[in-house]
Every structure is written in C-alpha cells, then in structure tokens.
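**Student:** What follows is each chain in one-letter form.
Protein chains: 6
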Amino acid sequence: MSADIEGWGFYLCTYKEMRQGRKGDVFLALTLQDKTGLVAGRIFNDVERLRDEFDRGDFVKVQGRTEAHNGRLQLSIERIRRVNPDQDRAQGFREEECVFSSARSIDEMWAELIELVAHVQEPFVRELLQRIINANEEKLRIWPAAQIVHHAYRSGFLEHVLSVARSALMLGSAYGADKDLLTAGALLHDIGKLEELEYDGVTAYTREGNLVGHITLGVITVRTAMLQIQGFPDALRTHIEHLVVSHHGRKEFGSPVEPMTIEAIILATADDLDAKLSQVRTALAEEGEGEFTAYHPRLGRALWRGE
Amino acid sequence: MSADIEGWGFYLCTYKEMRQGRKGDVFLALTLQDKTGLVAGRIFNDVERLRDEFDRGDFVKVQGRTEAHNGRLQLSIERIRRVNPDQDRAQGFREEECVFSSARSIDEMWAELIELVAHVQEPFVRELLQRIINANEEKLRIWPAAQIVHHAYRSGFLEHVLSVARSALMLGSAYGADKDLLTAGALLHDIGKLEELEYDGVTAYTREGNLVGHITLGVITVRTAMLQIQGFPDALRTHIEHLVVSHHGRKEFGSPVEPMTIEAIILATADDLDAKLSQVRTALAEEGEGEFTAYHPRLGRALWRGE
Amino acid sequence: MSADIEGWGFYLCTYKEMRQGRKGDVFLALTLQDKTGLVAGRIFNDVERLRDEFDRGDFVKVQGRTEAHNGRLQLSIERIRRVNPDQDRAQGFREEECVFSSARSIDEMWAELIELVAHVQEPFVRELLQRIINANEEKLRIWPAAQIVHHAYRSGFLEHVLSVARSALMLGSAYGADKDLLTAGALLHDIGKLEELEYDGVTAYTREGNLVGHITLGVITVRTAMLQIQGFPDALRTHIEHLVVSHHGRKEFGSPVEPMTIEAIILATADDLDAKLSQVRTALAEEGEGEFTAYHPRLGRALWRGE
Amino acid sequence: MSADIEGWGFYLCTYKEMRQGRKGDVFLALTLQDKTGLVAGRIFNDVERLRDEFDRGDFVKVQGRTEAHNGRLQLSIERIRRVNPDQDRAQGFREEECVFSSARSIDEMWAELIELVAHVQEPFVRELLQRIINANEEKLRIWPAAQIVHHAYRSGFLEHVLSVARSALMLGSAYGADKDLLTAGALLHDIGKLEELEYDGVTAYTREGNLVGHITLGVITVRTAMLQIQGFPDALRTHIEHLVVSHHGRKEFGSPVEPMTIEAIILATADDLDAKLSQVRTALAEEGEGEFTAYHPRLGRALWRGE
Amino acid sequence: MSADIEGWGFYLCTYKEMRQGRKGDVFLALTLQDKTGLVAGRIFNDVERLRDEFDRGDFVKVQGRTEAHNGRLQLSIERIRRVNPDQDRAQGFREEECVFSSARSIDEMWAELIELVAHVQEPFVRELLQRIINANEEKLRIWPAAQIVHHAYRSGFLEHVLSVARSALMLGSAYGADKDLLTAGALLHDIGKLEELEYDGVTAYTREGNLVGHITLGVITVRTAMLQIQGFPDALRTHIEHLVVSHHGRKEFGSPVEPMTIEAIILATADDLDAKLSQVRTALAEEGEGEFTAYHPRLGRALWRGE
Amino acid sequence: MSADIEGWGFYLCTYKEMRQGRKGDVFLALTLQDKTGLVAGRIFNDVERLRDEFDRGDFVKVQGRTEAHNGRLQLSIERIRRVNPDQDRAQGFREEECVFSSARSIDEMWAELIELVAHVQEPFVRELLQRIINANEEKLRIWPAAQIVHHAYRSGFLEHVLSVARSALMLGSAYGADKDLLTAGALLHDIGKLEELEYDGVTAYTREGNLVGHITLGVITVRTAMLQIQGFPDALRTHIEHLVVSHHGRKEFGSPVEPMTIEAIILATADDLDAKLSQVRTALAEEGEGEFTAYHPRLGRALWRGE
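These protein sequences, in sequence, are chains A, B, C, D, E and F.
For the first sequence, position 105 matches number 104 in numbering that gives the first Met the number 0, and the numbering has no gaps at all.
For the second sequence, position 41 matches number 40 in numbering that gives the first Met the number 0, and the numbering has no gaps at all.
For the third sequence, position 200 matches number 199 in numbering that gives the first Met the number 0, and the numbering has no gaps at all.
For the fourth sequence, position 28 matches number 27 in numbering that gives the first Met the number 0, and the numbering has no gaps at all.
For the fifth sequence, position 12 matches number 11 in numbering that gives the first Met the number 0, and the numbering has no gaps at all.
For the sixth sequence, position 33 matches number 32 in numbering that gives the first Met the number 0, and the numbering has no gaps at all.
Derived by calculation from the structure, the hints in this document are not laboratory data.
Careful: at least some of the hints might be erroneous.
Identical chains share a label here; the pair holds if one copy fits it or two copies do between them.
Mimicking DMTMM-like on lysine to aspartate or glutamate, the simulated pairs with C-alpha atoms at most 25 angstroms apart in a straight line are [what the hints assert, rightly or not]: (1) Lys178 - Glu47; (2) Lys34 - Asp233; (3) Lys250 - Glu121; (4) Lys60 - Glu136; (5) Lys250 - Glu290; (6) Lys34 - Asp87; (7) Lys138 - Glu66; (8) Lys34 - Asp106; (9) Lys250 - Asp85; (10) Lys34 - Asp24.
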C-alpha cells in the first residue's frame, strides 16, 4: 500500500474511538485488519453519521485513500459500512482474508504434512501420525500456534509444525538422528495446543489450557492414540512421549523433564529457533525508522534491519 | 542399641570392604541395615574365612557385641553367615525388617487412607479415589516416595501422602477450601511415582520415570481413571488434573503450570513442608556432636538440634 | 450493592477528577471508599457547584443511586457534602466504617489473641507475650499488615497474626513441634511492623521502616522485652529471635538467616501461605468477566474462579 | 578390542601408579591412550624392573593381552618400553595415532573447508576467509576446540567449525538467511581459540586466553584481516564482527552483545547444538550398564541410551 | 531559580504540546533545557501566534516569570522566539549552555587528565595514553558517558573517567596496586564509547555500538594503538586489554572475562561505584516531597534524602 | 624458609597421620602452623617412638631441616616434643606466634583505631564509638573476621575494620560523603561478629551466630549502646543502624535492607572490596606453578600472578 491511492476493500475493524484534533475538530480513529496486518483508518467527514454504521468487531467495507502520516500510511475513509456476507461475497469478501493468516497456502501446507507422514518408515509411528492427523484435520488446517508470542495467526500452527520438521530433519541427517522420531516429534510436540487454545478468528486460552497446559494435554493425546494401536512398542511410546514432554528444553520454560536423547535435543533446538525467528520476522516487518528496531522486551534486545 | 551388649540379629549387608588398621592388622568393614537405619560392623578375627561366607547385598545373620567407637556405636562381629530364608524364618527373619521402613504400621496407615476416602462427600471424587486405590493397593502399601530425597524407604509413599492430606485438610478448614478436592489432591499428587519408580527393597527410576516424569505420568493415570467413570464433570476433572500438574509449586521445580486455585496453593504448600520436614528429621536423627548438624546441601543450611 | 437502588451513605473520597464524556459534557469522577472496598462515583448534574463542596481526602455524605456501567456498579450522585463529624455521628457516621478494614470484629480477634497467650505453658514465653501485647494494645488492634501487598487494611495485622498462629499450631501438632514457640513466633514475627509502618487511615513507611526494616526492628523489640524479664533462658531467647529473623524463609526475601529449626520452618510456611492466600482472595473478589482473573504480577499467574 | 587377544601396540602413557592387590601383591596400574580413547593397563609380573622402563608422559610400545575386568576391557601387559621414534616409525609408530583425534580425516576436512570458501559469492567475504585460512593453516588442521568441554581433541576445532557450517547453512536456507555471512560466521566464530589455546598434544590456556578470552581475540583477528582488504564495506565488517561477538548467544555465557540479526541467531543456535551433541556423543560412548548414562553435571541430566 | 522572578534566558526546547486547562482554556506546555537541567514552561496568552514561532528542538529566547506550581517551579512565558545564533551570541547565547553538561569546567578537567598521564612512570603506558588522548581530544572533551544511565550529559565521559581514576588510585595506594596500570585502566576502560555513541547535543548509539559494543571496540582501539608503539611488552599489553575487557566485573553485566588481577578488581569496583553514585546524585537532586525519593527501578530501591 | 637449612622452632601441630611410602616404609606426616602459615613436616626415623610424643592440637618444639619436595618446602624432622609453656617461654615460645595472625602489629593497629575515633567531629558518634570500643577492647584486639572466608586469623577483625575505614574515608572525601558516618560504619559494621564467633586460637560459630547472624546482632549492640547515650538524635541513630544492616549490599547476600544513602553505598563497596582482595592475596600467596592460580571456587575464577 503506497500513499495517495484511492480504492476500497474489506477489513475487520478491531478498534474504534472518537478523538479530538489539534484544532478542536472531532474525528473517528479506527484500526482495520486484513490478512497481511493492521492499518490505521481515519474518518474526518460525516463523523456523527458514520460512527453508527458499524461497531468494533464487525467486518466492514471501506472506501478511501491512503495518505502518509508521521512516516506511516493511514487510510482516510470516505465511506464505510458493515459487511453483508451473502451479498458482499459476490464482490470478493472472504472472511479469511480479513484475519491474520499464514503467508503460505493452507492446501500446499497440508500436502506437505501428508507427504512428511508418508515418508515415515516405522509403521507404528506412521500409523500414529495418520490417526492423529485424520482425527484433527479441521483444527490442524486453521489453528494458530499461540495467542500472542509466535505464529499467532490463522494456520500458524501448521506453518510452525512444518518449519520445525524441516529444520529438525536437516539437523537430524547431519547428526545421524532417527528421522521417524524427529518427524513424529515435530508434528506432535504442540498437539496439546489444539485443546489449550480456542480459535474462531480470535485466539483464547481454554480452561484446560490454563489449568493443565499444552505439554501435559499433548502427552495425553499421544498416549490415548497409541493405546488404540495394538502392539505399539513400549520404548517407542516412551520416546515419543519424552519428545513432547521435553520440547521446551528446560524446566523453567515449562518442561518437567529435560531432553535426554539426541532427537529430543534437536527437536527442542528446532522449536526454539523457529519460535524466535518468527518473532524476529514480525519485529523486522514492523514499520519504523532507523537501522534498528525498537527494543523487543520478549527477546530482550533490539534487532538490526541491516544497512 | 547401647554399648557393650552381646546378641545376634538379621541384617542386609549393604557395604563390605577389607581395611588395614593402625598396627597393620587387616579387618573387614561392613555396613549393616535394618528397619531403623544403618550400623557399622567390624570383623577382626577369622577374617579370611568369614569374608567368603557372604557378599554385599546378602541378608546375613550376625552375632557380636556393640561397642563405642569415636562416639558412635559399632558392632564387633564374631559370627556371620548368609541367611537361609526358609530355615531362618522360624527364628524370626523377616525380609521387611531388614530394609528402611516407615516408622508407622502399614495396616494402620492403610486404615487411615480408607477412612479419608470414606469421608469424601462428592460421589465422583470418592469413586475416583476408590478405583485408583483398589487398582494399586499392592504398590501403595509398600512404595517409597523417592529414591533419595525424602521418605526414601518402604511405605514412605503412603506415609507422605497421609501426612500431606492431614496438613492440607487442616489448612483447608482454616481457609475455607474444598475438602474433597484437597483429599483427592493429597492422595493423587504423587500417584505417577508408582510408575516413575521401581521398588523391591532397593529403589530405582524406571525408563518412563526418567523420560516422562511422575507429574505427567500421574495426570495420565488420573485421566484414564476418570474416563472410566461415566459422567465425570469436566470442571472437576480439570481441577484434579491441575492439582497433580501444579503440585511442585513453581516451573523451575518441574510443574509446567503453577497453582491457580486456593486448593492447589494449599496442596503445594503442604507437600513442600512435608518433604522439607522429612529431610529435617533425617538430618536431626543422624548422630553427631554439637548443637548444629553438618551443613545440609539440599536445604542449603545447617540445622539446630536445640540446647 | 445491586443496581438501581437509591439511598445515601458516608464514604472517604480518595480520588476526584473532572472528565469529559463522549458528547463533550463535563462530569466529576470520584472514588469512594467504605469498609468493604471501593466504588466509583459520578456527578453529572450541578457539577460546578458540587465540586467545591469537598476535596479528595474528605469524609463525605453522599446521596444517589446505583447503576450498572460496563459490568460494574457505580454510584450516580445527586447530592454530596463534606461530613461534619459531630453532627453526622448522630446519623450513623463512623470514621472506621469508611476505611478498609478486616472483615472480622476487632473485639473478637482481640479475645482470640488473649486466649492464645493464656494457653502458652512456658512461663517466660507467656510473660514475654503479655508484656509486648500490653505495651502495644492500641496499635495491635488497628494496624494494617502492609501498605500494599497483603492484609493492607485496618486491623489486617491482627487478622494476619491470628491466622498464622492458627495454621502454625495445626501444623505444629501434626509434626510434633513446640506449641509455645509457634505461638510466640506467630504473634511476634511481624512485630517490627508497628514501627515500620505509620497508620492513621492511610498507611506509610516510617524512616526506620525504610532504613532498618521490620525484621531487624522486630528483633530489637523482642530482645528489649526479654531483657526486662529476669532469668529469661539464653537458648529460648535465641530461638525466639531466630523465629523473627528467619520468618521470610530465604535470604533473597530479606531474611538474613534461614530457618534452622522445625518451628522456624513451620512459621515461615504458615506466614507465606497466609500472605499468598490473602492476595488470592483479594484477586478473586475483584469483579471481572470469565473464569480466570487478570494476570496477577506479584503472584506471576492468573487465578481460576472456578466454573 | 575384545577380550583375550594377544598383541602389541603403541600408546601414550598418561597415568602410572603402584597399587596393592587383595592378596597383598603389588602391581603397576597404567592408563594408555591412543587415537580412539583410553584403556587401563596392568603389569603384574616383573614389576620392579618394568617400572623403570618408562615414565608417565612417554610414548610406549606395549605387548600383552586383553582381559575382561568388572565389565570393562583392560590390558594385561607382559612387555613395555619407551618408544624410540626414529626406529619405531618403521614398525608403524605415529605420534598422532597416540593422541585423541577427530574421527574424520584431516585432509578430507580440509578439502571441505576449502570448498566452503570457494562457494562464497561475496568477494570481500571470500577474500577475508581465504586470508585468514591461509595464514593459519598449520593450526587450523590440528587445533582442538577446547581443553575439556567439547571437541577437546586433535583437529576438533576443524571438525566443529565444519559441523556448525553445515547446520547453519541448512537452517539458513530454510529461513532465507545470507549464506555467505553464515559461512563466514561458522568458520570465524571461534577463530580466537587459535590464540586462546596452546596445543602440542595436550591443550592449555594461554595468558591471553585467560585474560582476554577467545571472543575478543577473535574480533581482533577478524578486524585486523579486514583492514588489510581495501574497500571492505563498513556494514559488512560490523555484521561479521557481530557474528563473532554474539555467538555465545547470551551475556551470562560470555557474549557482551546478544544476536541481533537472523544470521547471528542461527549461528548461535548451530554452535550451541553442535557443542551440546558433542558432549552427548561422548557421554553415550562411555561404557556403562543400564539404559541411562550417569548424571552429566554440565548438561544437568542423565542421557538415555535407548532400549 | 526562585519563585516570582522576571527575566529572560536562552534554552533548548525539548518538548511542546497543546493542553486544555480545568476551565477549558487552551495553553502551550513546554520543556526547556539549559546546562543545569529541565524546567517546565507554560504559555497562556497569545497561544495561537506564539506556537508558530518555534518548534521542538529549537534553541529559543524566552521572557517570562517563575511561579510555584504543585511544589515545583515553572516558567510562565510572555515572549518566546527561535534563536538567531549570529545575532544572539552578542547577548550571551552559547549553545553549550543549553545542553546538560558536567558541573565541572572542561578546561579544568582536561588539565587534570594531562597531569594524570604525566605522572605515569612506565614509559610504554605513558606513551600509549598520550597517543590515544591526542588522537581523540575533540571527542574526549565533550562526549557523554552514556545515553541514559549515568553521566549522560556533555563532558560526562571525561568527568566519569577522572572520577574513576581518582578512586582507583586511592584504593590502589591502600592495597599496593600498580598505579600506572590503574591510571591506564581508568582512562581507557570506556574508550570504546567514543565509537559506541554519537553525540551532537543528543546522544545515540551507533551501528557498531549496538552490534559490537563498547567493550570490544575499546580493546580494538587499545590494541591498535599498542601495535604502533615499538617494543610494547606482551604481558603489559595483555594486562591493559584485560582491564578493559573485564571492567564490568561480571559476565552477566557484559564482561566476557572477569577481573583476575588486583588492579582489575579495583578498577571494576571504582567504575561501579562511580556509576552508581552518579545515579544516586541525580535521583537525590530531583525535586520531590518527603524524606525518601521515589522508587528507582534501576537501583531497585528508594533513596534517603536525610532528615 | 629456604631449602636445606637446619634448625628448630615452635609450631602448632594441626594434622598428624601415619603414611606408607613407595618402598613400603612407614612415616609420620604432619602439618605445622606458625604465624605466617602452614608447613608440611615428615618424620622418617624413630617413628614409633616419636608418634607418642605429641598429639594433633599440641604446640610442639621441632628440630629438623628443610628440604624441597615437589616444588614445595617441607620439614624433615629429627626431634619433636610437646611444648612445656612455662619452661619453653624462656627459649622464645609465644602461643600467639604459632597461630595465623595479621601481618600488622596489634598495638600499631590499636593506635590507628583510637586515632580514627579521635578524628570524629560529631560528639554523639564519637561517644558511641568510644563506648563500644572500650567495652570490647579485649576481643577487638584479637578477633578474626571470619572462620574461613577472609581475614580468618588472629586480629583479622581489626585489620579488616581499619582497612575498610581507610578506603571508605578516601572514597568519602572524593564523593563528599559524611566522614563521621563512614568512620562509624566502618568500625561498627561487623561488630556483631564479636558475638557471632568464638575464638581461642580456633574460630567457631556461636549458637547466636548461627541462629541470629552478625548483622542483626550488630544492630542490637549498636542500638543498646546508643540508648545509653542521652539525647542521641533519632535520624543519626537510624542512619548508623542502616549502615550496619545494609552493609552486605544486596538481599541475597544477607542484608534485609539495601543501601539507601551515599554513605551506605560507599561502606558496602569498601567492605566488599576488602573482603575480595583479602581472598585474592591469600590465593596469590599460595605456592604453585604457572602464571595462573588454581580455580578459586568462591571468586569463581583463577587469578593471574603476573608474568
């Protein structure tokens, strides 16, 4: 989006407030969200009427023009109204285009997931993965990986899991680790998040998510599935449960047991790196001046954008 | 045991080594264990023959006399031989008398456990406790609570669990907490230790104990039992799982989730206090001179024996 | 207090500010305090005149009606004026009803305190407690236990001390600890707060409170009193001073010496639990939506209100 | 080496002590080192004469037979003498075969290093790497990576550096990082160790290694080389220095600045993983019974060998 | 500055905002800076015209009168305009009088610096100091010591360095440390800040400051200068580099190597004390009521102003 | 003491053990202590008879010759017997010459102490110091400053206190702090150690030392003395108590309150530096090879002896 372009689009309005300008004039300040991020909107004319046309939380159709303001783009809005889903679909309204989403296509990621499972040699592991994936396809396609920290958007869970798998398998081949275990660990380590979180556009913690946590919920999911597979070997079961339970790497990060196998160490490393780089990418993507980003409290440092 | 008494007894020999005295004489140094603790044994005569009569790890029948040595009692042994269980049982040999055990009677503790459960009002909680206790009676009667840290002896698990229940219920009545939940939390919080540890006189960690840990194993045990009880309420299930998962009180102590209810805070407090005081009693019971014990590394201080 | 009820009452006004509403209208926003907590007050009519009727910090007589606003009750005020103590007392004005106070009656708590002391067997300990209590009765009846953290209200000190005594004595009976020492420890552990804090409706730290701290001030108070009792035994004196000095349990929490006796460990546990549960109760009592409270920074977690 | 095999070989004797057996007999206990590790040696016959044939620290020629002892192999030595390098070389004595070494061939690793540099696209980076590698070839081929912690053997530096490069480049391709910077970071991050350590079979810290440390020494080496390359771009120089200075990832691990770019985060991750897995492999390779290794103090846990 | 004085002066305007008073009147709120600190300015009359006379960031000439407001002085401004440097210089405008500066005269401090160097006995150390000081005189005279933390004002670097030298030399004489090394350490420990920071009235971090940090940059500066001095002794070079690299005292404060000599321990102590007391003085100098300052987050406590 | 010198002397024997040499010969190994440190003693001849001439803990008269052994001097003893104090005094036996002692003369240190007090301007402070010093002269002259950590020898307390005073006063003059308060703080900060420790050649902790600690005991001593001085100003009293209570600088080091005044910060700094440098000097004084000392666990690093 560049400055001074006129047009219209569909957004989710996530913020709405009356403000007073320098000259005493009153205007309406909005935050609008689409798939790629957030943009500020301003309504300067016909404020009293337009403010009743929609509420915070509504999908809206907006017409206006972009303009530069303090080094950022904002949308000066001339017309705005609540979306009528049935009617506006014909004009291109898609609910999923108005919420943060993974930059990757869901179908493409799903195909990658299926292929990863197909490459598993160990029949018990493969069956375990197929069962869990089939039973949770609906959630797996759209779930976010977190409420705030990293991959906190539609299909972020799937994107994160595939990325961890890719890194873990590469590192595993370099260090002679068991590929099937790494695939299982990558795909299952966060599986408890399907119960830890609720998601319907916005993300929230469930009661079980708060009180039991995704690590323990994940082990229960995995154990339950393994019990349904006749003859699942004991040592294999324990190793997979260990991968889930130890994947935060250290007790103070919430893993009651720390990684005790090469596969568990690689998995915890790949998970930590992917979470960290997801935050880095988000921080680097934010607009701002200068070579360095603002101080990032969770990472405990600023980041360099490069020259 | 006081000095200069002659007699005989049955022991487990846990240590055996040839040593050289000040005058060049060779003797055999032993550590002998019975229910109440450890005693040093010394064989000064007929060493060459007696050393082949038994090995470390054997139950032995010992004849000798107590004597004071550097402020501690030791046993000067005249005769020693391996126990012949069938034959020596007639003379009073009991394997369980030769291993560290709780000072309380197992049957008395078991009766207390049954009564605690009987006092539970909430029918789902009561049924849950009955099922888990019935299914694990054999282990519950004799299991230790740990390999080293606290209550690390026969029936130490049961002793610890009852002690935590007593404290938690008292505190719970003072603070208006739910008694049934506290009973459930006290009896079930360490239930994963039945799978974390192996015990047959000596205590060891199982593979699952090392790789998955007793907190997660405990939640699985509890969840499995609750699934078998038709209509077990959701919120109740989650609260009980929360009690198990949060009972170490802090992440760095291995609880992936920290206590979020009054009952969970009381349970974690009662568990911590009982574990700490068990260590204190052991340290105070060790012989030694002076008002203060030696520095206790796990507690990070010495203890005062009083004037 | 439920919605839409008319009436009048006496309050302490702790906050007063002019604000502007959505339609440009100006109103007066107040915070009013009585014994049970805080309530928001709003003056929409006759603002200019009423704003001069009272100042922040005044006791006020208020007439108005309750109304719901964003899920909380607030008081829409029609009339308000400064309290005239002499005259308003006839109508029921009591200063102590307008400050946060313990939910328990002072006289009832005082009787409990006296009885606790009467049960002490050891004559030196009993005399010590009597002396200190008699010398400080006025403060002991009304003092808060802290400025912010826990029991931060009128008579909170007494409530806290009794609650710690109750827990410590129960735990002490379970673990065979000395009851007299526990009573002394519970009643005296925070005695330095009588000098650490100033209280006359609002709570503040004194110069000595900031620069010397209540643990050291408490030991001085206790030592001074013991010196006045002829023949007070040395070991007993040191044990009581140890209870005071170690009651925060760990160096990083401000105890220069950590608990080295069973009584000191129990006291530190009971104190910590009572402080924690006081905060939990306050957090749970705050209005709010959903099953979980807001994140509680001092406890480092949210709390569960239950289903 | 399996039990009961006769033969001879060359070793470095790193330990030598007279001991007394159970029957009062005196024997000579040795530790012998070759490329693959350590083996215990025992001399039971002709002890007085053989003990003067060599000293600790000598290369020795040994003849004897392997035998099992407490579950480990040891060498029962019949003949032993100091090596005569000139003469024994004909029989196959190679000094480098008698010190711990990387399992990989030096020449193969060197070729891999050269090829890595050849793949660098950025001409300044490539020239920088070539200069530093050429100037330090002798050390780079044989240097260990540490005195104790990881890759603490001949050519361990080169093995570590190549392993980090492989992981970092794989992760870099997954996350779209700059390959040339990652190659430079991997090859140069520990370059200060060429001055931090001294190595001539045994490894020691130099004065500068102790007082200045390899991170700062590494930046000086890199800066010095860059100053000699005309026109080396400023931002590129700073980025490479940042990779060196931040590669320990956190201040408490000795990096005065923490990683602020994607490349720096990947490099620190790859370095940490390689160091950790080097320790894991060493721990798993140690002989021992049971599924789990002994507790590993530096990693803070035991490791699982698998079923 | 006392209340109710009329006059005029030159300032740097660092803040400028329109605000609304209690009665709906609009005024202009400014922050004005001169050498000694900040003062609030208020423009109540002729606001619309005066607001366009200058911008935030301008040097301004101000006429007005001081008045007390909530216990602080503020400046009620009648006339204000942008400074015209050439013309206003005649009236006494000096840019350096309008920025925070050390309370000490630059020339006096410079003379002290030169004398310190002249007292160095060791010829290599003296030459090193002379070279670095001569090469950086311009920066050394005006540089601040930090952006925020301590001595964050014009010539703060020089003031800090001299203060550390004074303390270190006194302590050094008490403990028999090498005076020349202490002088070198005091003058050079922060030398990397000349490249870590940019300063032209306002202070900012450079790219190298962020990515490499002043400790490493300082060692490079010192090493470079020593290489230009023929015959500089090795051990002396390493000791000076050690002083620079270890001066933060602990790894978690960013020193990759901790002090290993008496001189390094004294230097780190003197640096820490001076930084701490600089913050204390600033905190004590801030206006405020009561014996205690506000809580100081970086020091983690409040400070006592005295009775 | 250099090698191969014959002579005799008086020592305290602190260690005595029979050992076996390489050739099977038995000898007696001793540790002998005099004022300056420890020396190893060996008795090779007439062992059986000489071993009964004295016990560990005895003062002994020794005749022998020094010899080098593994780079250290040891004493090869020909004659040894228990000291007869009355008779041997004529030959120069002085008990205090056989225990570790400060290198400074007690009388000289005492004179310095008296002079420090005489320089105090504030009459209340001066009287306080005089009272406490007069009342404790006997202990103050000979007390050690600790059992192990620093200044752990006869008169170490006095040496430490004077050294802290010297540093604190120098720093105080540089930073404009109150000299009288610094003198008081330096002389009184460790005064509680007179009750924390027992000393009669060997040092031990008292019951109060363990259970109450020297910081709290110190405040009690100081408070008690101040109460006896009519009209001692409140703020002055609190400031001096603050100096005592805060002198460990941080809560985790056992100060329940952290330094809140310039004087308290300087005192904590001077105390920490003196304790640290005392340990450094001890470590540097230990014999050993190489430029670096062994790793010093309490300081967490090795130290550099210089070239």
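**Student:** Each hint should be assessed against the structure and marked as holding or not.
**Tutor:** Status of each hint after checking the structure:
Proximity of Lys178 and Glu47 under a CA criterion of 25 angstroms is satisfied in neither setting, with 62 angstroms inside one chain copy and 56 angstroms between copies. In this assembly of identical chains, Lys34 and Asp233 lie within 25 angstroms of each other by CA distance neither inside one copy nor across copies; the values are 44 angstroms within and 35 angstroms between. With identical chains, the CA atoms of Lys250 and Glu121 are never at most 25 angstroms apart, being 30 angstroms at best within one copy and 35 angstroms at best between copies. Taking the closest pair of Cα atoms, Lys60 and Glu136 never come within 25 angstroms of each other, the shortest separation being 32 angstroms inside a single copy and 63 angstroms across copies.
Taking identical chains as interchangeable, the C-alpha atoms of Lys250 and Glu290 lie at most 25 angstroms apart only when they sit on different chains, with a minimum of 22 angstroms there against 36 angstroms within one chain. In this assembly of identical chains, the alpha carbons of Lys34 and Asp87 lie at most 25 angstroms apart only when taken from the same copy (17 angstroms versus 56 angstroms across copies). For the identical chains of this complex, Lys138 and Glu66 are neighbours neither inside a copy (39 angstroms) nor across copies (42 angstroms), given an alpha-carbon limit of 25 angstroms. In this assembly of identical chains, the alpha carbons of Lys34 and Asp106 lie at most 25 angstroms apart only when taken from the same copy (16 angstroms versus 53 angstroms across copies).
Taking the shortest Cα distances, Lys250 and Asp85 never come within 25 angstroms of each other, neither inside one copy (50 angstroms) nor across copies (49 angstroms). For the homomeric pair Lys34 and Asp24, neither the shortest alpha-carbon distance inside one copy (32 angstroms) nor that between copies (39 angstroms) is at most 25 angstroms.
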